[in-house]
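**Q** The primary structure of each chain is shown beneath.
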Amino acid sequence: MNCSDCKDKLDRYLDRELSNTEMLELQLHLEGCPPCAENYEFQAGLKRLVKVCCEQDKAPEAFREKLRQILT
Amino acid sequence: MAESPPQTAFAEEALSHLDTLYRGALRLTRDPDAAQDLVQEAYLRALRYQHSYQPGTNMKAWLFAIMRNLFWDRFKGSRKEDVSLDDVGEFVLYDKLRDEGARPEADVLDKLAASEVVAAVEKLPPLHREVVLLVDVEGFSYKDAAETLGVPIGTVMSRLHRARQQLQKSLYDYAVESGIVRGNGTKEVPNQ
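Sequence order for the protein chains is A and B.
Be aware that the first sequence starts at 1, since it is given in the working numbering, and climbs by one per residue.
Be aware that the second sequence starts at 1001, since it is given in the working numbering, and climbs by one per residue.
Watch out, some of these pointers could steer you wrong.
In silico PhoX-like pairs for lysine-lysine, Cα to Cα no more than 25 Å straight-line [as the list claims (entries may be wrong)]: (1) B/K1111 <-> B/K1169; (2) B/K1096 <-> B/K1169; (3) B/K1096 <-> A/K51; (4) A/K66 <-> B/K1060; (5) B/K1060 <-> A/K58; (6) B/K1123 <-> A/K66; (7) A/K47 <-> A/K7; (8) A/K47 <-> B/K1060; (9) B/K1096 <-> A/K58; (10) B/K1111 <-> B/K1096; (11) A/K51 <-> B/K1111; (12) B/K1123 <-> B/K1111; (13) A/K9 <-> B/K1096; (14) B/K1169 <-> A/K7; (15) A/K47 <-> A/K58; (16) A/K7 <-> B/K1060; (17) B/K1143 <-> A/K51; (18) B/K1111 <-> A/K66; (19) A/K66 <-> A/K9; (20) B/K1111 <-> A/K58; (21) A/K9 <-> A/K51; (22) B/K1143 <-> B/K1111; (23) B/K1123 <-> A/K51; (24) B/K1096 <-> A/K7.
Which residues of chain B face chain A? A few of them, derived with a C-beta cut under 8 Å, are [said to hold, decoys possible]: (25) A1011; (26) L1015; (27) L1018; (28) R1023; (29) L1026; (30) Q1040; (31) Y1043; (32) Y1094.
For the record, the hints were derived by calculation from the structure and aren't laboratory data.
The beta-carbon is built from N, C-alpha and C at its ideal position, and this holds for glycine as well.
This is chain A alone, in the form it adopts within the complex:
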């Protein structure tokens, strides 16, 4: 695998959507290629950041109770 292949597959690697063989190939490339590894760490950090920031919103308790009354 070269850097271009790695870049093409990075989204699917981040999202754990590659086959086991492809995951391993990409992992091996990252272990031997610091620039790609650093890019991966950055992209993974960004994905985590989006998740953490967007997950902070929870349904208000009064709304949850209102729905429970309506639905049950």
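Following the hints, complete the assembly by docking chain B onto the known chain A.
**A** Chain B in isolation, oriented as in the chain A frame:
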């Protein structure tokens, strides 16, 4: 009249996914009141059509699909505009920052305010925003996201890629505007 135990069980299971639905609705509508209206309508519809839900399948995905379909029904008129996303090309924030002398993770990611990250997500067109919500926030597989959105997996992948590019562009612009990085990408150095 008291509801039957199966209906109560269905409602309780459905309500266990409320935070996911509410977050999704809030990001799509960008308005807490509109989000509550949308979610309430989605739950009422789910209850009405509960016979079409197959027990043991992904209820969270089923509910999200109902909610986002209602959202699109309401905003049908603006659908075409919502599809468009400015082509930012292959904008790789990491490369841009690195080339220009910043330490991408330490200098930029660690300094972004949560509200700005949420704002960048909300700036995405809804068709791209909902893919980010499903895959990045809620952890859906591409297959589950594709089924929820009623599109092929390839469409999920391309929308997700473009959404991430746009997200990085928005965050870079914010980093420049807020002085986290200089306009040419170099790190802001505090006055001594």
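**Q** Now tell me, hint by hint, if it's right for this structure.
**A** Hint check results:
1. B/K1111 <-> B/K1169: holds (16 Å)
2. B/K1096 <-> B/K1169: OK: B/K1096 and B/K1169 at ~10 Å, within 25 Å.
3. B/K1096 <-> A/K51: holds (23 Å)
4. A/K66 <-> B/K1060: holds (20 Å)
5. B/K1060 <-> A/K58: With Cα atoms ~15 Å apart, B/K1060 and A/K58 stay inside 25 Å; holds.
6. B/K1123 <-> A/K66: Measuring from Cα to Cα gives roughly 30 Å; hence the hint is violated.
7. A/K47 <-> A/K7: holds (16 Å)
8. A/K47 <-> B/K1060: Measuring from Cα to Cα gives roughly 21 Å; hence the hint holds.
9. B/K1096 <-> A/K58: violated (35 Å)
10. B/K1111 <-> B/K1096: Satisfied, since the Cα-Cα distance of roughly 17 Å is no more than 25 Å.
11. A/K51 <-> B/K1111: Within the cut-off at roughly 16 Å; holds.
12. B/K1123 <-> B/K1111: Holds, because 20 Å separates the two Cα atoms, which is no more than 25 Å.
13. A/K9 <-> B/K1096: The hint holds at about 20 Å.
14. B/K1169 <-> A/K7: Cα-Cα ~18 Å, so holds.
15. A/K47 <-> A/K58: holds (20 Å)
16. A/K7 <-> B/K1060: Violated, because 32 Å separates the two Cα atoms, which is more than 25 Å.
17. B/K1143 <-> A/K51: Holds - the C-alpha atoms of A/K51 and B/K1143 are around 19 Å apart, at most 25 Å.
18. B/K1111 <-> A/K66: Status violated; Cα separation ~38 Å.
19. A/K66 <-> A/K9: Outside the cut-off at roughly 45 Å; violated.
20. B/K1111 <-> A/K58: With Cα atoms ~24 Å apart, B/K1111 and A/K58 stay inside 25 Å; holds.
21. A/K9 <-> A/K51: holds (21 Å)
22. B/K1143 <-> B/K1111: Given that 25 Å is the threshold and the Cα spacing comes to 34 Å, the pair is violated.
23. B/K1123 <-> A/K51: holds (16 Å)
24. B/K1096 <-> A/K7: holds (15 Å)
25. A1011: holds (4 Å)
26. L1015: holds (6 Å)
27. L1018: With Cβ-Cβ at 5 Å, under 8 Å, it holds.
28. R1023: For B/R1023, the interface hint holds, since the closest Cβ of chain A sits about 5 Å away, which is under 8 Å.
29. L1026: For B/L1026, the interface hint holds, since the closest Cβ of chain A sits about 6 Å away, which is under 8 Å.
30. Q1040: Holds, because the Cβ-Cβ distance from B/Q1040 to chain A comes to roughly 6 Å (cut-off 8 Å).
31. Y1043: It holds, given that the least Cβ distance between B/Y1043 and chain A is near 6 Å, below 8 Å.
32. Y1094: Holds - the Cβ of B/Y1094 comes within 8 Å of chain A, reaching about 4 Å at its closest.
In this structure, the hints that do not hold are numbers 6, 9, 16, 18, 19, 22, in rising order.
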